[in-house]
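Residue numbering for the sequence shown follows the working numbering, starting at 57 and increasing by one per position.
To be clear, the hints were calculated from the coordinates, so they are not data collected in a lab. Please read all numbers here as calculations on a predicted model, not as lab measurements. Just so you know, even glycine gets a beta-carbon here, dropped at the ideal spot from N, CA and C. Hints may contain errors.
[Claimed, not checked] BS3-like, lysine-lysine: derived pairs with alpha carbons at most 25 Å apart:
| # | residue 1 | residue 2 |
| --- | --- | --- |
| 1 | 122 | 63 |
| 2 | 90 | 77 |
| 3 | 122 | 71 |
| 4 | 112 | 90 |
[Said to hold, decoys possible] Per label pair, the in silico range of CB-to-CB distance:
| # | residue 1 | residue 2 | range |
| --- | --- | --- | --- |
| 5 | 98 | 60 | 33 to 43 Å |
| 6 | 59 | 86 | 10 to 20 Å |
| 7 | 57 | 86 | 17 to 27 Å |
| 8 | 58 | 99 | 32 to 42 Å |
| 9 | 66 | 91 | 16 to 26 Å |
| 10 | 57 | 102 | 18 to 28 Å |
| 11 | 62 | 94 | 15 to 25 Å |
| 12 | 57 | 99 | 34 to 44 Å |
| 13 | 124 | 64 | 15 to 25 Å |
| 14 | 117 | 87 | 32 to 42 Å |
| 15 | 70 | 123 | 32 to 42 Å |
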Amino acid sequence: VVNDQSKLQNELYGKITAFLKKYAEGSDLQVVMKYDQTSDVLFGGPGIDISKDVIKGLNEEFKNEKSSPVKADTAKVSKK
């Protein structure tokens, strides 16, 4: 279970960073920082918060990905 969770987290992280790279190219961004109580950023003005745009864009990509036909898994599962 832990291995599956780690795999899913890595996959999600990869999708988010790929989206952020595309978003940054179109927005002339140089860096994207995490902002929460544990980060080193003490204040961030509302004008630099891209969270809503990123979530909207990721949701659109996930929706498009979900609506695309999925290739059937042809791997055989052994029964015990």
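- Item | Which numbered hints fail | 6, 7, 10, 14 and 15
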